[in-house]
Amino acid sequence: MEGAPSGLIEQNITSHLLNEKVLAGDECRARNDRQTYFSLARELVTAQFVLADHELTRRLWQEVSDRNLDMGRIINLLYRCSSHEDENEMVEVDNAFLQLTVS
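Everything in the sequence shown is counted per this note's numbering, starting at -14 for the first residue and increasing by one.
Each hint should be verified, as a subset may be incorrect.
Unchecked claim - What follows is a list of derived Cβ distance ranges for each label pair:
(1) 40 <-> 81: 31 to 39 Å
(2) 36 <-> 84: 15 to 23 Å
(3) 37 <-> 84: 17 to 25 Å
(4) 84 <-> 41: 26 to 34 Å
(5) 51 <-> 86: 18 to 26 Å
(6) 50 <-> 20: 27 to 35 Å
(7) 51 <-> 31: 27 to 35 Å
(8) 84 <-> 38: 14 to 22 Å
(9) 44 <-> 20: 17 to 25 Å
(10) 40 <-> 84: 34 to 42 Å
(11) 85 <-> 36: 27 to 35 Å
(12) 40 <-> 73: 17 to 25 Å
Don't read these hints as lab results, they were simulated from the structure. In this text the structure is predicted, and so the values were computed from the model without any measurement. The beta-carbon is built from N, C-alpha and C at its ideal position, and this holds for glycine as well.
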């Protein structure tokens, strides 16, 4: 950028920093989004399979709907994970599902 006007250099630097902040924000939102899915999946496992509590299960599925979460993604986590306490397994299962929906 040698010989470029200082205003142009500052604009490029500012633009680059803003892009990094946006990407970091997107990554943070994706992490929070994933944790929302994992948390609700774990709650549903407990309500539906451990407690067999129909009312709690209904309310949790209503929360999934109210929050416009992908039911397929939740169902995938419910039935594809052998241990819902294993964060790494849940991430792998979720990544595989997300790859299928993006492809």
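We went through each hint and held it up to the structure:
1. 40 <-> 81: 31 to 39 Å: 32 Å, holds
2. 36 <-> 84: 15 to 23 Å: At 32 Å between Cβs, range violated.
3. 37 <-> 84: 17 to 25 Å: 33 Å, violated
4. 84 <-> 41: 26 to 34 Å: 32 Å, holds
5. 51 <-> 86: 18 to 26 Å: At roughly 21 Å between Cβ atoms, residue 86 and residue 51 fall inside 18 to 26 Å, so the hint holds.
6. 50 <-> 20: 27 to 35 Å: 19 Å, violated
7. 51 <-> 31: 27 to 35 Å: Since residue 51 and residue 31 have Cβ atoms about 19 Å apart, the given range 27 to 35 Å is violated.
8. 84 <-> 38: 14 to 22 Å: Distance hint for residue 84, residue 38 is violated at roughly 33 Å.
9. 44 <-> 20: 17 to 25 Å: For residue 44 and residue 20 the Cβ distance comes to about 20 Å; the hint holds.
10. 40 <-> 84: 34 to 42 Å: At roughly 35 Å between Cβ atoms, residue 84 and residue 40 fall inside 34 to 42 Å, so the hint holds.
11. 85 <-> 36: 27 to 35 Å: 30 Å, holds
12. 40 <-> 73: 17 to 25 Å: 32 Å, violated
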